Each structure stands twice: as structure tokens, then as C-alpha cells.
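J.: Residue numbers (this note's numbering), protein chains in the order written: chain A, 1 to 129; chain B, 1 to 129; chain C, 1 to 129; chain D, 1 to 129.
Please note that a few of the clues may not be correct.
Treat identical chains as interchangeable: a pair holds within one or across any two.
Said to hold, decoys possible - In silico EDC-like links for lysine to aspartate or glutamate, alpha-carbon gap of 20 Å or less: (1) K82 with D71; (2) K63 with D89; (3) K95 with E122; (4) K50 with D112; (5) K63 with E91; (6) K50 with E91; (7) K50 with E61; (8) K50 with E36; (9) K82 with D47; (10) K63 with E122; (11) K50 with D72; (12) K95 with E73; (13) K63 with D47; (14) K50 with E73; (15) K50 with E103; (16) K63 with E103; (17) K82 with E122; (18) K95 with D72; (19) K50 with D89.
Worth flagging that the hints you see were computed from the coordinates, not collected in a lab.
In this text, all values refer to a predicted model and were calculated from it rather than measured experimentally.
In case you want the letters, here they are:
Number of protein chains: 4
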Amino acid sequence: MAELTIQFRVRYPEVDQMGCVHHSRFLQYFEMGRVELLRQQGFSYADLEKAGVFFAVVRIEAKYRSPARYDDELSLTTRIVKQGTVRIDHEYVLKRGQTVLAEGMSTIACVDRTGQVQQIPEFMAGGTV
Amino acid sequence: MAELTIQFRVRYPEVDQMGCVHHSRFLQYFEMGRVELLRQQGFSYADLEKAGVFFAVVRIEAKYRSPARYDDELSLTTRIVKQGTVRIDHEYVLKRGQTVLAEGMSTIACVDRTGQVQQIPEFMAGGTV
Amino acid sequence: MAELTIQFRVRYPEVDQMGCVHHSRFLQYFEMGRVELLRQQGFSYADLEKAGVFFAVVRIEAKYRSPARYDDELSLTTRIVKQGTVRIDHEYVLKRGQTVLAEGMSTIACVDRTGQVQQIPEFMAGGTV
Amino acid sequence: MAELTIQFRVRYPEVDQMGCVHHSRFLQYFEMGRVELLRQQGFSYADLEKAGVFFAVVRIEAKYRSPARYDDELSLTTRIVKQGTVRIDHEYVLKRGQTVLAEGMSTIACVDRTGQVQQIPEFMAGGTV
């Protein structure tokens with residue numbers, strides 16, 4: 001199954017007054033992971049949207065193990081665990097060095113410009129599994 | 001069990017280029033729900049933090065049913081479903097009119113200034129259950 | 001000239017690890033001010049966009065006097081200081097009680113769906129000045 | 001005077017429903033520019049804060065020339081134009097390829113943990129000018 005690890009640095013406005021990355025931000029990191037995994041597979045999500053292929057998050061789950069701090073260098077591993085005709089399930093592990101900060105999973109569904117569910121295009125089937 | 005419904009309006013930067021509230025924002029709405037529920041119970045989260053009582057999200061789950069749009073008036077119902085000595089579980093239902101847009105649940109843990117788990121203060125026990 | 005004061009409360013993820021509302025957020029508050037001023041004049045910005053009338057920020061300026069904190073109740077006064085055929089200049093004063101936290105000004109330009117400058121619709125001329 | 005150009009990619013939640021990076025985000029990009037310029041000079045802003053040296057934005061100005069889109073690769077040039085005993089003025093140019101998207105300037109002031117203005121530490125004087 002497709003998998004990719006990306007590295008990035010925590011930005012100042014992503015951190016709250018507890019000095020921790022706000023938990024909602026982790027979902028934005030997960031999205032960055034999906035987009036870069038797609039790019040590795042030869043697809044630009046920006047181009048897919050122009051072609052009328054959108055992916056909407058229908059379910060998300062996250063477990064927070066340890067806080068991420070401002071300026072931390074994080075690594076995020078994104079992995080496709082299941083791909084059906086309209087849905088894709090991803091799993092995520094976010095780390096700082098060897099420390100697991102969070103784990104997550106999501107289900108995204110392929111939708112058209114109006115938000116109606118549509119089949120994942122055939123040209124993506126080979127790429128993503 | 002404690003429960004509160006709040007109303008608010010979707011802001012422009014909360015909406016992405018699909019014209020939908022970004023899924024990560026829903027977690028920020030849930031947090032607003034928890035804070036207002038706390039306020040209804042007589043507690044200011046801002047004051048709690050000053051007193052060394054912090055709550056960290058340790059688990060979150062959300063199901064997205066239908067998109068929220070810019071300028072929509074939303075109602076969010078937040079409910080405590082379980083309160084232990086260190087953890088509180090909440091459930092959330094986000095609606096526009098009668099349409100359910102999303103459902104969620106979270107577990108928060110009481111931590112001190114350094115992030116160590118601590119017992120929920122006794123004065124909150126009466127208030128929150 | 002049109003003017004409106006709105007009240008709102010600082011949300012948790014709007015505050016950074018210095019315990020202050022991040023300076024970039026003030027621009028989002030200013031935008032809320034413009035939108036509510038428009039609503040007071042009888043226009044929904046959401047509807048304007050559907051009708052092909054967009055406003056893009058072309059210039060912004062802000063002076064920060066004093067920090068805003070989590071859970072603060074703020075009041076923002078938004079005022080139109082100049083309205084031309086394609087541009088509108090606003091001024092903003094953000095306060096907590098009597099304390100001025102920030103002042104700002106912006107110029108927005110009327111653009112169409114493709115981003116090309118267009119004249120502000122006639123039906124808005126009466127409303128906004 | 002110190003100057004640095006950084007490259008980065010526009011993230012999905014940074015783009016609004018007009019398909020453009022929200023204007024408030026540019027201030028967050030400018031901040032990334034300042035932080036990386038500092039790092040090039042041998043300083044970690046995270047460490048400075050731990051040592052009680054904070055920088056607060058007291059004035060900001062931005063002119064928006066052309067929109068930035070989702071997934072664009074942008075380059076931001078940050079330059080110190082003036083450094084006094086307590087304040088530093090920066091200028092910013094944000095580009096996509098050869099196209100200037102925005103220009104900005106800011107004044108930041110050195111403050112202590114309580115927000116009181118303090119002199120920029122001597123060890124930074126050599127680094128930043």
C-alpha cells in the first residue's frame with residue numbers, strides 16, 4: 001500500500017497558549033500528508049479539483065500522545081490502508097524524532113463539484129493502490 | 001448530564017475553496033462548545049488555566065454528514081457523557097436548522113502546567129456532572 | 001458615513017503561546033466587521049458572491065497598541081471612510097472596554113469571479129454611503 | 001542589511017472560497033520569513049522566548065498585487081531595513097516565479113515575558129545588522 005513520510009516545522013500561529021500545537025492543526029497536517037502522498041503517486045490535488053475530482057473528509061479520528069511545540073521538526077507518515085470505489089482510508093503517525101505525538105485515521109470520499117459522491121476516477125486506481 | 005446548545009455564524013476564513021468549512025474547524029467549534037458549557041456551569045476556562053487547571057484533548061472523533069457554508073448560522077449541542085477523576089468525555093451535534101452537519105466525540109484529560117495528568121479539582125466535580 | 005460596532009469573544013486557537021491573539025487574526029476580525037457592516041446595510045456578502053460581486057483586500061494597515069487575551073470580550077468599530085466606483089476604504093478600532101487594542105485601515109476592491117476589477121454595483125452605492 | 005529568501009507551498013486550509021490565499025495568511029508568511037531570517041543569523045526564536053526575549057508586532061502594512069492559489073510554490077524575501085535599540089523594521093516581497101503577489105513591512109518591538117518593552121539583547125545586535 002502507498003505510504004509517504006514528510007518532514008515539516010511547526011509554525012508560530014499553530015501553537016496555542018499552552019505552548020502546544022492546537023489539536024485541530026493535526027488534521028491540517030494529516031491533509032498535507034494525503035496531498036503529498038498523492039503527489040508522490042503522480043497526482044496534483046490542485047489539478048484534480050480543476051478536473052472536477054474532489055475528496056471530502058467524511059470521518060476522522062485522532063489520538064494525541066504527546067504535545068508538539070513551536071519550531072519542532074515533525075515527521076508525518078501517511079499510509080493508505082483501504083481503497084474502495086468511492087472511499088479511501090488513510091492512517092497517520094506523527095513523530096518528533098522517535099516520539100509518537102499522535103496517531104490518526106480518516107475516510108475521504110470522492111465527490112463532484114456539487115458535493116455528490118462519485119467513483120474515484122480509473123486513472124487513480126492504479127496510482128493509489 | 002450537562003448539556004448546552006450554542007449558536008454562531010461561519011466566518012469567511014473558515015471556509016475552504018470547495019466553499020465548505022474546513023473539516024479541521026469543526027474541532028475548534030467543538031472546543032467553543034466545551035468552553036461555553038463550562039461557563040454555563042460557572043467556570044471560566046481562562047481562569048482555570050490561571051489556576052493551573054488545563055484540559056488537553058487526548059482523543060477526538062468526527063463524522064461529517066453535510067457541508068457547512070460561509071455565513072451559515074449553526075447550532076452546536078455539547079453534552080458531557082462521562083466524567084471520571086481525570087477525564088471527561090463529550091459528545092457534539094452540529095446542525096444548520098434541522099440538518100445534522102456533523103457529530104463528534106472527544107476525551108479531554110486534566111493536566112497541570114507541565115502537561116502532567118492531574119485529578120479534576122473537586123470544586124468542578126459538582127459543577128460538571 | 002456607515003459605521004457599526006460589533007462584540008465578540010476571543011477563541012482559544014486565536015491566541016498564541018505568548019498568550020496574545022496572533023496579530024494576523026486582527027485582520028480576520030476586521031473582515032468580520034466589514035461583513036456585519038454590510039449586513040446592517042441590507043447586504044449579505046455570501047449572496048453578493050453568488051451574484052458575482054467579490055471584494056478583494058488590496059491594502060491593509062494595522063497598529064497594535066495592547067494585546068488581546070483568550071476569552072476577552074472585544075468590541076470592534078468598523079467605519080467606511082471613502083467609497084469610490086471600485087474601491088472602499090474602511091477604518092477599524094478594536095477595544096476591550098475603553099482600552100484601544102488596535103487600529104486599522106483597509107482598501108478593498110470590487111472584483112468579478114475571475115479577479116478582474118469591476119465597478120461596485122449601483123444598488124450598493126446607496127446602501128454603503 | 002540581513003536578507004533571506006525562503007520557498008514554501010500554499011496549504012489547502014490557507015485558501016478561501018474565492019480560491020485565493022486569505023489576506024490574513026500573508027502576515028503568517030511574513031512571520032515565517034522573520035523567523036527563518038533570525039535562524040540564518042544564528043538565533044532560534046523558540047530559544048529566545050525561553051530566554052525571556054519576545055518580539056511583538058506593533059505595526060504591519062501589506063499591499064496585495066495578485067492572488068496566491070492552493071499548491072502554489074511561493075518565494076518570500078525578508079529584509080531588515082532598520083534596527084534600533086528596541087525595534088526592528090522588516091520589508092517583505094512575496095512572489096510566485098517572477099510575479100510579485102504582495103509587498104509588506106512591519107515593525108516589531110522587543111518585549112519581556114510581561115509584554116513590557118525591553119532593549120534588544122546585545123548579542124543580537126551584531127547578528128541582525
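J.: Next, verify each hint and record whether it holds.
T.: For each hint, the structure was consulted:
no., hint, result
1, K82 with D71, "neither (33 Å within a copy, 26 Å between copies)"
2, K63 with D89, "both (16 Å within a copy, 14 Å between copies)"
3, K95 with E122, "neither (34 Å within a copy, 35 Å between copies)"
4, K50 with D112, "both (11 Å within a copy, 19 Å between copies)"
5, K63 with E91, "both (12 Å within a copy, 16 Å between copies)"
6, K50 with E91, "neither (26 Å within a copy, 34 Å between copies)"
7, K50 with E61, "neither (28 Å within a copy, 30 Å between copies)"
8, K50 with E36, "within (17 Å within a copy, 32 Å between copies)"
9, K82 with D47, "neither (23 Å within a copy, 40 Å between copies)"
10, K63 with E122, "neither (33 Å within a copy, 27 Å between copies)"
11, K50 with D72, "between (34 Å within a copy, 14 Å between copies)"
12, K95 with E73, "within (9 Å within a copy, 25 Å between copies)"
13, K63 with D47, "neither (32 Å within a copy, 27 Å between copies)"
14, K50 with E73, "between (32 Å within a copy, 17 Å between copies)"
15, K50 with E103, "neither (31 Å within a copy, 28 Å between copies)"
16, K63 with E103, "both (5 Å within a copy, 17 Å between copies)"
17, K82 with E122, "within (16 Å within a copy, 45 Å between copies)"
18, K95 with D72, "within (10 Å within a copy, 26 Å between copies)"
19, K50 with D89, "neither (23 Å within a copy, 34 Å between copies)"
Checked against the numbered hints listed earlier, the structure breaks hints 1, 3, 6, 7, 9, 10, 13, 15 and 19; every other hint is satisfied.
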